[in-house]
Amino acid sequence: MGQIGGDQMLLGELTRLFEQERQRRLVTLREVIAAGDAEAIKSAAHAIKSGLTNFCAPDAVALAATLEDAGRAGMRGESDAIQGLEPQVDVLEACMAEMYQELISMGGSPA
Amino acid sequence: MRLLLADDDPISALLLRQRLEGWEYEVEQYDNGRDALEALRSPTSPRLAILDWEMPGLNGLDVIDQLRQTPGAQERYVYTLLLTSRNQEIDIVKGLDAGADDFLTKPYRPAELQARLRVGLRFLALQRELLASQEELRRQAFQDPLTRLPNRRTVLKRFREDLSRCRRDNQPMGLLMLDLDRFKSINDTYGHSAGDAVLKEASRRMQRVLRSYDMVGRFGGEEFLVVLPNTDAEGIIRVAERICAELRAEPLEQEDGPDIRFSCSIGAALSPPGRILSERELINAADAALFHSKRSGRDQVSASWQLAAA
Numbered sequence: 032m033g034q035i036g037g038d039q040m041l042l043g044e045l046t047r048l049f050e051q052e053r054q055r056r057l058v059t060l061r062e063v064i065a066a067g068d069a070e071a072i073k074s075a076a077h078a079i080k081s082g083l084t085n086f087c088a089p090d091a092v093a094l095a096a097t098l099e100d101a102g103r104a105g106m107r108g109e110s111d112a113i114q115g116l117e118p119q120v121d122v123l124e125a126c127m128a129e130m131y132q133e134l135i136s137m138g139g140s141p142a
Numbered sequence: 052m053r054l055l056l057a058d059d060d061p062i063s064a065l066l067l068r069q070r071l072e073g074w075e076y077e078v079e080q081y082d083n084g085r086d087a088l089e090a091l092r093s094p095t096s097p098r099l100a101i102l103d104w105e106m107p108g109l110n111g112l113d114v115i116d117q118l119r120q121t122p123g124a125q126e127r128y129v130y131t132l133l134l135t136s137r138n139q140e141i142d143i144v145k146g147l148d149a150g151a152d153d154f155l156t157k158p159y160r161p162a163e164l165q166a167r168l169r170v171g172l173r174f175l176a177l178q179r180e181l182l183a184s185q186e187e188l189r190r191q192a193f194q195d196p197l198t199r200l201p202n203r204r205t206v207l208k209r210f211r212e213d214l215s216r217c218r219r220d221n222q223p224m225g226l227l228m229l230d231l232d233r234f235k236s237i238n239d240t241y242g243h244s245a246g247d248a249v250l251k252e253a254s255r256r257m258q259r260v261l262r263s264y265d266m267v268g269r270f271g272g273e274e275f276l277v278v279l280p281n282t283d284a285e286g287i288i289r290v291a292e293r294i295c296a297e298l299r300a301e302p303l304e305q306e307d308g309p310d311i312r313f314s315c316s317i318g319a320a321l322s323p324p325g326r327i328l329s330e331r332e333l334i335n336a337a338d339a340a341l342f343h344s345k346r347s348g349r350d351q352v353s354a355s356w357q358l359a360a361a
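Chains as they are written, first to last, in our numbering: chain A, 32 to 142; chain P, 52 to 361.
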């Protein structure tokens, strides 16, 4: 996030995108968990992790990585690995909601 | 420098693009692998690309794999850097084995990314130099370095090809053997650099006279061979006379010496339709006619078929 500097336009755009992606990707993640689709869980969690690596958010990245690993384990046939993931998604969602509020407090406009 | 960026994550793409533009890269951005591949296959695409591994449709690895298999990919090489949050050793090996030139894991350190892009630019500069050297070697193999005309090997190859085609199509074909008059005397009087200038000027004037499908090549020393496909006796004489006239018309003006007048003698041979003359027979006939032009006072055209009839 250091690269934003004082660029308010970039911060505004980033905040808008973050919110848009946060909602879209979390909905997808919940859907594929409900469907028990291990590969889709891995991909959805990876996409969230990839976006989060742009922020200084090691806890959120680690959570997304855990979900990605669970999907990968499910692809190897470890069906237990993709059971009961919803609470972890809840924590991830809370983390991302906090990040969103932080972006707004820095000056980013609410989406 | 232009750079192609393909990343389906809009946040990553926004931040990376911002950074790249700050480093003065001109960024062409795509959010999926298929569009990126199509763009990279275009002859005007950027030669430097940052590709995200995970993308919908076609991922970064597939893009690189298919790009490397595109005809002409080696000559128009695209340096690819795979950017991904996959960070296991096996992923890095897989990425590089698929044909990526470099690999960087997210979150990346900006200074490191910048340095790796500089490596890519150095690689592309070296590749440009290599291709230019190859092109120069290729040119040298086919071209006479002084006159820039096709060399002996090239003009003989073209002569054989045209002769074969004209025979097949039952068309006439002409061959001129041309020799600059008293060239040794030009060298002895004005020096070898003046002699070289005469050779270059004579070559330039000959090319000016010829049609696009004719070919003149340097046969050796001050001798030239002119291939005239689909040309009958009348046409051959007309071209030969025009060359003679063009060479004698104006002297070569030298910046630091006197003007040099020069001329040429020409021997013409014809392969008429319906009669099969071998390459050797045609060359010998043109050579004999050239000898006749020389003995008859130079600066003139002799035709082998006229000599044979006389």
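No wet-lab data here; the hints were simulated from the structure. Backbone N, C-alpha and C define an ideal beta-carbon position, used for all residues, glycine too. Worth double-checking, as some hints may not be accurate.
Short derived list, chain A residues pointing at chain P, Cβ under 7 Å [said to hold, decoys possible]:
no. : residue
1   : Val-58
2   : Thr-59
3   : His-77
4   : Asn-85
5   : Gly-138
6   : Ser-140
With the C-beta cut set under 8 Å, the calculated list includes, among others, these residues of chain A facing chain P [to be verified]:
no. : residue
7   : Met-40
8   : Leu-41
9   : Leu-42
10  : Glu-44
11  : Phe-49
12  : Glu-52
13  : Arg-55
14  : Ala-78
15  : Ser-81
16  : Thr-84
17  : Ala-104
Going by Cβ atoms only, is A:Phe-49 closer than 8 Å to chain P? At 6 Å from the nearest chain P Cβ, A:Phe-49 passes the 8 Å test, so the hint holds.
Is the interface hint for A:Ser-81 satisfied, with its Cβ closer than 8 Å to some Cβ of chain P? Holds: closest Cβ of chain P sits about 5 Å from A:Ser-81, inside 8 Å.
With a cut-off of 7 Å on the beta carbons, see whether A:Val-58 makes it to chain P. Check failed: Cβ of A:Val-58 comes no nearer than 16 Å to chain P, outside 7 Å.
Hint check: 7 Å Cβ-Cβ cutoff, A:Gly-138 to chain P: 16 Å, violated
Given A:His-77 as an interface hint, is the shortest Cβ-Cβ distance to chain P below 7 Å? Holds, about 6 Å.
Given hint A:Leu-42 near chain P, where the shortest CB pair must fall under 8 Å: Hint violated; A:Leu-42 Cβ to chain P Cβ min 11 Å, cut 8 Å.
Interface hint compliance - A:Glu-44 to chain P, C-beta minimum distance less than 8 Å: 6 Å, holds
Holds or violated: is there a CB of chain P closer than 8 Å to the CB of A:Ala-104? 14 Å, violated
With a cut-off of 8 Å on the beta carbons, see whether A:Arg-55 makes it to chain P. Hint violated; A:Arg-55 Cβ to chain P Cβ min 10 Å, cut 8 Å.
Interface hint outcome for A:Met-40 [beta carbon to chain P under 8 Å]: 10 Å, violated
Restraint satisfaction for A:Asn-85 [CB to CB of chain P, less than 7 Å]: Holds, because the Cβ-Cβ distance from A:Asn-85 to chain P comes to roughly 5 Å (cut-off 7 Å).
Hint status (Cβ of A:Leu-41 to nearest Cβ of chain P, threshold 8 Å): 6 Å, holds
Consistency note: the structure conflicts with the earlier hints numbered 1, 2, 5, 6, 7, 9, 13 and 17.
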